[in-house]
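Position chain B relative to chain A; hints supplied.
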Amino acid sequence: MVMWILFQAPPTTELPRVDKNPYTSAEDLALGQKLYNGRCAGCHGLTGDGGKGANLAVRDLPRAGTDVALYRIVRYGIPETEMPATLMASREVWQISAFVRSLGSSSNEAVKGNVARGEQVVGAKGGCLQCHAIAMKGGRLGPALTDIGGKRSPGHLRSKILEPALEITETFRVATVTTKAGKKISGVRLNEDPFSIQIRDFSDEIHSFFKEQLASVQVERRTTMPSYKGRLSEAEIEDVVAYLLTLRGTVQ
Amino acid sequence: MKTLLMTMLCAGAVWAQGLTYERILNPDREPGNWLTYSGNYAGHRHSPLTEIHEGNVNKLKVAWVYQTNSLQKFETTPIVVDGIIYISEPPSNAAAIDARTGRALWRYRRQLPDDLRVCCGQVNRGVAVLGNLVYLGTLDGHLLALDARTGAIRWDTVVADYKLGYSITVAPLAVRDKIVIGVAGGEYGARGFLDAYHAQTGKQAWRFWTVPGPGEPGNETWKGDSWKVGAADTWVTGAFDPETNLIYWGTGNPGPDWNGDVRLGDNLYSDSLIAVDADRGKLKWYFQFTPHDVHDWDATEVPVLVDELVRGEKRKLLLFPNRNAFYYVLDRVTGKFLLGKEYAKQTWTKGLDDNGRPIRIEGTTPTLQGVKVWPSVAGANNWYSPAYSPVTGLFYVAVRDSGSVYYTGEAVYKPGERFDGGGYRAIPGEEEQGFIRAYKPASGEVAWEYKLHSAPWSGVLSTAGNLVFGATNEGQIFALNAKTGAPLWRFQATSLLVRSNPITYAVDGKQYLAMALGNSLYAFALE
Numbered sequence: 001m002v003m004w005i006l007f008q009a010p011p012t013t014e015l016p017r018v019d020k021n022p023y024t025s026a027e028d029l030a031l032g033q034k035l036y037n038g039r040c041a042g043c044h045g046l047t048g049d050g051g052k053g054a055n056l057a058v059r060d061l062p063r064a065g066t067d068v069a070l071y072r073i074v075r076y077g078i079p080e081t082e083m084p085a086t087l088m089a090s091r092e093v094w095q096i097s098a099f100v101r102s103l104g105s106s107s108n109e110a111v112k113g114n115v116a117r118g119e120q121v122v123g124a125k126g127g128c129l130q131c132h133a134i135a136m137k138g139g140r141l142g143p144a145l146t147d148i149g150g151k152r153s154p155g156h157l158r159s160k161i162l163e164p165a166l167e168i169t170e171t172f173r174v175a176t177v178t179t180k181a182g183k184k185i186s187g188v189r190l191n192e193d194p195f196s197i198q199i200r201d202f203s204d205e206i207h208s209f210f211k212e213q214l215a216s217v218q219v220e221r222r223t224t225m226p227s228y229k230g231r232l233s234e235a236e237i238e239d240v241v242a243y244l245l246t247l248r249g250t251v252q
Numbered sequence: 253m254k255t256l257l258m259t260m261l262c263a264g265a266v267w268a269q270g271l272t273y274e275r276i277l278n279p280d281r282e283p284g285n286w287l288t289y290s291g292n293y294a295g296h297r298h299s300p301l302t303e304i305h306e307g308n309v310n311k312l313k314v315a316w317v318y319q320t321n322s323l324q325k326f327e328t329t330p331i332v333v334d335g336i337i338y339i340s341e342p343p344s345n346a347a348a349i350d351a352r353t354g355r356a357l358w359r360y361r362r363q364l365p366d367d368l369r370v371c372c373g374q375v376n377r378g379v380a381v382l383g384n385l386v387y388l389g390t391l392d393g394h395l396l397a398l399d400a401r402t403g404a405i406r407w408d409t410v411v412a413d414y415k416l417g418y419s420i421t422v423a424p425l426a427v428r429d430k431i432v433i434g435v436a437g438g439e440y441g442a443r444g445f446l447d448a449y450h451a452q453t454g455k456q457a458w459r460f461w462t463v464p465g466p467g468e469p470g471n472e473t474w475k476g477d478s479w480k481v482g483a484a485d486t487w488v489t490g491a492f493d494p495e496t497n498l499i500y501w502g503t504g505n506p507g508p509d510w511n512g513d514v515r516l517g518d519n520l521y522s523d524s525l526i527a528v529d530a531d532r533g534k535l536k537w538y539f540q541f542t543p544h545d546v547h548d549w550d551a552t553e554v555p556v557l558v559d560e561l562v563r564g565e566k567r568k569l570l571l572f573p574n575r576n577a578f579y580y581v582l583d584r585v586t587g588k589f590l591l592g593k594e595y596a597k598q599t600w601t602k603g604l605d606d607n608g609r610p611i612r613i614e615g616t617t618p619t620l621q622g623v624k625v626w627p628s629v630a631g632a633n634n635w636y637s638p639a640y641s642p643v644t645g646l647f648y649v650a651v652r653d654s655g656s657v658y659y660t661g662e663a664v665y666k667p668g669e670r671f672d673g674g675g676y677r678a679i680p681g682e683e684e685q686g687f688i689r690a691y692k693p694a695s696g697e698v699a700w701e702y703k704l705h706s707a708p709w710s711g712v713l714s715t716a717g718n719l720v721f722g723a724t725n726e727g728q729i730f731a732l733n734a735k736t737g738a739p740l741w742r743f744q745a746t747s748l749l750v751r752s753n754p755i756t757y758a759v760d761g762k763q764y765l766a767m768a769l770g771n772s773l774y775a776f777a778l779e
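For the record, the sequence lines run as chains A and B.
Its first residue numbered 1, the first sequence is counted upward by one per residue in our numbering.
Its first residue numbered 253, the second sequence is counted upward by one per residue in our numbering.
So that you can see chain A by itself, here it is in the shape it has in the complex (with noise of 0.2 Å):
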């Protein structure tokens, strides 16, 4: 029985004995707005509007509807996703959570677009469904949009359209192999490391190649968006904006 209690193993993620955050004063939140500034601003923004990470200056946050969620979210991540965990003492959790929800009482920035406009630019005009998945319609190229609304904010989506340059998820890289039989193969990178890369092509087959048997490999360093600036009106893209600001997918 006492080797037994010995060898028993701590659970991989210990999440805290309270259900509501305990460090919500106004010096906590103060503490974890310093924390959040270091920790977490450079992919959600400095007022949570999103950018590389989600949108965090709403309401409600689709995966952390309790207080526990959240704390599990800041301290361990969110496996595959770009949400690393932070390992952070459990007060300092706390006390960024506090700062996490208070962003939500910003209300988010009105947008004045038409949704069904946007819509219709969104699957014709602006041939967005070349690239970008909408539930069950639409290409792989690009990220799917069927929960964006719920995760990026009317500033971070509107820079993405007119700057798509900006920055590049690293999982959205279009890559060209050459094999040393001299066959090229381009797609999605799904990964590569010194020794291997994996390649989702323009017809959704998956390629693995040890790097020997290749030629060469190039990688994008630019993003294959265009940029919207001048191909829609002003208004135009309002209206994809307010449209995608929709899109809330199956995350509720």
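Treat the hints as calculated values from the structure; they're not laboratory data.
Treat each hint with caution, since some may be false.
[As the list claims (entries may be wrong)] EDC-like mimics (lysine to aspartate or glutamate), calculated; alpha carbons at most 20 Å apart, straight line:
| hint | chain 1 | residue 1 | chain 2 | residue 2 |
| --- | --- | --- | --- | --- |
| 1 | B | K703 | A | D193 |
| 2 | B | K703 | B | E684 |
| 3 | B | K624 | A | E167 |
| 4 | B | K455 | B | D399 |
[What the hints assert, rightly or not] Distance windows between CB atoms, simulated:
| hint | chain 1 | residue 1 | chain 2 | residue 2 | range |
| --- | --- | --- | --- | --- | --- |
| 5 | B | H450 | A | A69 | 47 to 57 Å |
| 6 | B | N321 | A | R117 | 37 to 47 Å |
| 7 | A | R117 | B | E701 | 48 to 58 Å |
| 8 | B | K480 | A | E220 | 43 to 53 Å |
| 9 | B | N321 | A | S208 | 26 to 36 Å |
| 10 | B | N321 | A | K184 | 39 to 49 Å |
| 11 | A | H207 | B | E701 | 48 to 58 Å |
| 12 | B | N278 | A | A165 | 40 to 50 Å |
| 13 | A | L190 | B | N310 | 24 to 34 Å |
| 14 | A | E167 | B | T599 | 46 to 56 Å |
| 15 | A | T66 | B | D583 | 51 to 61 Å |
Since we're looking at a predicted model, the values are computed, not measured.
Each residue gets a CB set at the ideal place from its N, CA and C atoms; glycine is no exception.
Same frame as chain A, but now just chain B:
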């Protein structure tokens, strides 16, 4: 029967003494063991073992895997003594493992308080062994001596108060009859020190404060009372030279990290290499790499001690590829600056002056809006280990090449609260570069380089089998030809983070390669 009895008596005698200082001092006499953090006191992380060599390394196979129960970063360097591996596990645990089979012989699990202060993960980089005791530093600021045969606590000393922002992540260093240990806490204004404890009793032998107090030389390099919370912590294991009787140890960033206005001055001895007397902890010399740092460029890298010709004269050198993107060579007897060479992209200086002091470029100090500076906050090098091979005469370093956007912020100290005065982020769109590079030690000239896919977070090991081992951020462990850098072998081990250093050992005459990869300790051997 008589022989057997003699063998048993001898084994008993060896055990009674356990791992002596004399043995740690002469690791080349027992190349099958790995007796101290860097393999030897000089920080070489090199092994004379040759069973695995450039001609057969491609036949390396997994011998066994030992998994921890934690998803925290597993940064340990194993210590191997006579067929038993001693490791630390995150957050502040330890284990003894049979080196042949990977089976745990004992495990020590520490109950930690809920309100720890750790900046960068609940990690630990390894244990030290001396006599029959295993020494472990803990995140709540204790130094423990565990019985090497059972894992039971023999003594437990409080090194520092974790409620003031201190933690211990460093592997201790056993020197003679003392255990030398440092602290972390640079993001909490935890005033740094280097301590030594009597190995048998746990009583403090000496303390050297890395931020001098009032009346001590160097205190004037801190504005007002800022020295009290000046950090300069000591969280990476240093080196020792029995001839100079000096312990060489790197110190961390001044606190707060990114707001220097509250601590005007050079901020001694932050971001420095300190050389202290091993018996009394008195400062013999220091060299400050980054005076008044505002980018968090801790000089907490592993110092490497070599004897090499400099301008025709054989000198006792200390090699230090720094986080601030300069490769330094110092005279380790006097601390004299001999060389400082840019070895990764840097935009914060016009270079170093004749004394090695950086000539700063205006406009590189963090701002509220953020300022782009190279190297990155993680630097051109970090806590993971380099290696020096006396066979090739080359010095192997995992080099990071990237920048950061640095922000400044408010810096008001409250005990135990985060006190960093700003923050940082990646430069949008920048792809970090990473390399394993072989340097000629005295000149810093590159002999070869092997390009990685990303900026590395793992150290290297060199062996007399003409090999250099390392690991990628993408989860592979690999071997390169030590003379040319040509890749010879690799193994995809994990989808988790790799943050550790390789070692090698032998048991029953068979050589193994061991490294913490993801949350598992792997051992590889030839079939």
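State, for the Cβ atoms of K480 (chain B) and E220 (chain A), whether the hinted interval 43 to 53 Å holds or is violated. For E220 (chain A) against K480 (chain B), whose Cβ atoms are near 52 Å apart, the range 43 to 53 Å holds.
Going straight from one Cα to the other, do K703 (chain B) and D193 (chain A) come out at no more than 20 Å? Judged against 20 Å, a Cα distance of about 10 Å means the pair holds.
Could one say that the CB atoms of N278 (chain B) and A165 (chain A) fall in the range 40 to 50 Å? Distance hint for N278 (chain B), A165 (chain A) is violated at roughly 59 Å.
Evaluate the given range 47 to 57 Å for the C-beta pair formed by H450 (chain B) and A69 (chain A). With a Cβ separation near 49 Å, H450 (chain B) and A69 (chain A) satisfy 47 to 57 Å, so the hint holds.
Falls inside 48 to 58 Å, the C-beta gap from H207 (chain A) to E701 (chain B)? violated (29 Å)
Beta-carbon spacing of N321 (chain B) to K184 (chain A) - inside the hinted bounds 39 to 49 Å or not: holds (46 Å)
Looking only at beta-carbon atoms, does the pair R117 (chain A), E701 (chain B) fall within the given range of 48 to 58 Å? holds (55 Å)
Taking the beta carbons of N321 (chain B) and R117 (chain A), is their distance inside 37 to 47 Å? Between N321 (chain B) and R117 (chain A), where Cβ atoms are some 55 Å apart, the hint is violated.
Do the alpha carbons of K703 (chain B) and E684 (chain B) lie within 20 Å of each other, as the hint requires? Holds: K703 (chain B) and E684 (chain B) sit about 12 Å apart, inside 20 Å.
Taking the beta carbons of E167 (chain A) and T599 (chain B), is their distance inside 46 to 56 Å? violated (21 Å)
Does the alpha-carbon distance linking K624 (chain B) and E167 (chain A) stay inside the 20 Å limit? holds (16 Å)
Could one say that the CB atoms of N321 (chain B) and S208 (chain A) fall in the range 26 to 36 Å? Because 32 Å falls inside the window, the suggested range holds.
In the structure shown, a violation is registered for the earlier hints numbered 6, 11, 12 and 14, in ascending order.
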